[in-house]
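Asker: Sequence:
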Amino acid sequence: MKVSVIGAGHVGATVANVIAEKDIVNEVVILDVVENQSEGKALDMWESSPVQMFDTRITGSTNDYSKTAGSEVVVITSGKPRSPGMSRDDLIGTNAAIVKSVTENVMKYSPDAIFIVVTNPLDVMSYTAHLASGKDTSKVFGMAGILDTARYRSFIAQELNLSPKDIQALLMGGHGDSMVPLPRYTTIGGIPVTQLMEKEKLDAIVERTKKGGGEIVKLLGTSAWYAPGAAVAQMVEAIIKDQKRVLPVCAYLKGEYGLNDIYIGVPVVLGREGIEKIIEVELDDTERELLNTSAKAVREVMDVLDNMKLF
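When the letters of the sequence shown are read in order and numbered with the working numbering, they come out as residues 18 to 328.
Derived by calculation from the structure, the hints in this document are not laboratory data. All C-beta atoms, glycine included, are put in the ideal place defined by N, C-alpha and C. Just so you know, not all the hints are guaranteed correct.
[To be verified] Distance condition first, Cα-Cα at most 25 Å in a straight line; then the derived DSS-like pairs of lysine-lysine: (1) LYS182 with LYS228; (2) LYS218 with LYS156; (3) LYS39 with LYS326; (4) LYS156 with LYS58; (5) LYS84 with LYS39; (6) LYS235 with LYS39; (7) LYS227 with LYS152; (8) LYS258 with LYS97; (9) LYS182 with LYS258; (10) LYS271 with LYS117; (11) LYS152 with LYS182; (12) LYS326 with LYS117; (13) LYS216 with LYS227; (14) LYS261 with LYS313; (15) LYS84 with LYS313; (16) LYS156 with LYS235; (17) LYS235 with LYS271; (18) LYS97 with LYS271; (19) LYS39 with LYS156; (20) LYS97 with LYS261; (21) LYS182 with LYS117.
[To be verified] Beta-carbon label-pair distances, calculated as ranges: (22) LYS216 with GLU44: 46 to 54 Å; (23) GLU44 with SER180: 14 to 22 Å; (24) GLY275 with THR79: 28 to 36 Å; (25) ASN309 with VAL50: 24 to 32 Å; (26) ASN309 with LYS218: 24 to 32 Å.
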């Protein structure tokens with residue numbers, strides 16, 4: 018089995034490294050347009066294999082898509098990262114062209130691959146990859162909810178001084194300030210978080226989660242990579258091992274939650290066929306209003322892409 022990661026920056030390299038260390042595929046290919054960057058990082062990772070005890074071969078390539086041939090899963094991280102003061106929407110013009118080109122090149126060699134999109138603005142870049150590939154939407158989706166949920170869970174664990182392993186949570190909506198955390202579906206060892214934390218503190222964590230990406234950008238001057246990389250690797254593992262994991266991903270809706278023709282974060286069953294089922298959880302009036310507001314924000318960005326006439 019082979020997984021290809023397009024983009025050897027911080028996120029792409031982290032994705033490749035985590036997947037290799039999981040030892041769940043035969044080969045990981047890293048591809049980038051920067052001369053020798055993928056080759057150097059691939060070699061460095063491979064030299065860690067005797068220490069980390071994995072057999073997965075790691076191949077680096079400078080813009081040679083033939084090396085990605087026969088990939089079961091392709092992760093797209095290529096694109097311009099956010100810099101301080103830049104919103105995700107500011108990235109759309111540049112990154113749509115990049116994702117379109119990457120997807121078309123991958124399709125020449127891996128037409129049956131499942132695509133996981135990481136490039137921002139995430140929701141519209143998933144839409145871009147879908148249009149460029151012509152594949153069923155169950156095979157083209159984005160990584161957002163797992164990262165957002167991980168941030169939310171880590172903040173709760175920090176506040177309560179409890180293990181993050183015991184915290185389960187669900188977030189929906191667009192990837193960004195319009196995301197929709199759902200405290201009602203947040204539990205710690207099966208106990209509702211509302212029984213263990215005051216509403217004021219939980220609300221503050223929800224707001225911090227919404228701005229989680231921006232917080233990292235302010236600290237580092239660029240986007241995060243450790244948590245996003247680990248989140249993508251979890252999705253790849255669910256697909257490769259056919260785990261049927263229930264995970265929040267950026268999926269294309271066809272009437273679910275009353276929404277049509279839009280990529281947005283929802284819980285799904287993720288397995289060997291990609292998105293095998295979209296799960297519709299019950300939402301109260303407030304939660305549904307927040308989701309609809311988030312969908313409106315996402316659709317506005319998707320309309321921007323449509324108006325660019327790239328397809």
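Asker: For every hint, state whether the structure bears it out.
Answerer: Cross-check of the supplied hints:
1. Of the pairs offered as hints, the one joining LYS182 and LYS228 holds, with about 23 Å between alpha carbons and a cut-off of 25 Å not exceeded.
2. A hinted pair counts as satisfied when its Cα atoms are at most 25 Å apart, and LYS218 with LYS156 does not qualify at roughly 38 Å.
3. At most 25 Å may separate the alpha-carbon atoms for a hinted pair to count; LYS39 and LYS326 exceed this at roughly 41 Å.
4. For the proposed pair LYS156 and LYS58, the alpha carbon gap of about 28 Å is over 25 Å, so the pair is violated.
5. Restraint check: the Cα-Cα separation between LYS84 and LYS39 comes to about 21 Å, which is no more than 25 Å; the hinted pair holds.
6. Distance restraint check for LYS235 and LYS39: the Cα-Cα separation of roughly 31 Å exceeds the 25 Å cut-off, and the hinted pair is therefore not satisfied.
7. For the suggested pair LYS227 and LYS152, the alpha carbons sit about 31 Å apart, so the restraint of at most 25 Å is broken.
8. For the hint pairing LYS258 with LYS97, the CA-to-CA distance comes to about 31 Å; that exceeds 25 Å, so the pair is violated.
9. Restraint check for LYS182 and LYS258: the C-alpha separation of about 21 Å stays at or below 25 Å, so the hint holds.
10. Restraint check for LYS271 and LYS117: the C-alpha separation of about 23 Å stays at or below 25 Å, so the hint holds.
11. Between the alpha carbons of LYS152 and LYS182 the distance comes to roughly 35 Å, so the proposed pair goes past 25 Å and is violated.
12. A distance of roughly 12 Å separates the Cα atoms of LYS326 and LYS117; the hinted pair therefore holds under the 25 Å criterion.
13. Using a Cα cut-off of 25 Å, the hinted pair LYS216 and LYS227 holds, with the two alpha carbons roughly 17 Å apart.
14. Under the criterion of a C-alpha separation no larger than 25 Å, the hint pairing LYS261 with LYS313 is inconsistent with the structure, at around 30 Å.
15. Note on LYS84 and LYS313: the hinted pairing is violated, with a Cα-Cα distance of about 40 Å set against a maximum of 25 Å.
16. For the hint linking LYS156 to LYS235, the alpha-carbon distance of about 34 Å lies beyond 25 Å, and the restraint is violated.
17. A hinted pair counts as satisfied when its Cα atoms are at most 25 Å apart, and LYS235 with LYS271 does not qualify at roughly 37 Å.
18. Distance hint between LYS97 and LYS271 is unfulfilled; the C-alpha atoms sit about 30 Å from each other, more than 25 Å.
19. A distance of roughly 22 Å separates the Cα atoms of LYS39 and LYS156; the hinted pair therefore holds under the 25 Å criterion.
20. Only pairs whose Cα atoms come within 25 Å are accepted, and LYS97 paired with LYS261 is rejected, the gap being roughly 32 Å.
21. Between the alpha carbons of LYS182 and LYS117 the distance comes to roughly 37 Å, so the proposed pair goes past 25 Å and is violated.
22. As the Cβ distance of LYS216 to GLU44 is approximately 49 Å, the hint placing it in 46 to 54 Å holds.
23. For GLU44 and SER180, the hinted distance range of 14 to 22 Å is not satisfied, since their beta carbons lie about 34 Å from each other.
24. Take GLY275 and THR79: their Cβ atoms lie about 46 Å apart, and the range 28 to 36 Å is violated.
25. ASN309 and VAL50 have their C-beta atoms about 39 Å apart, which leaves the hinted 24 to 32 Å range violated.
26. Take ASN309 and LYS218: their Cβ atoms lie about 27 Å apart, and the range 24 to 32 Å holds.
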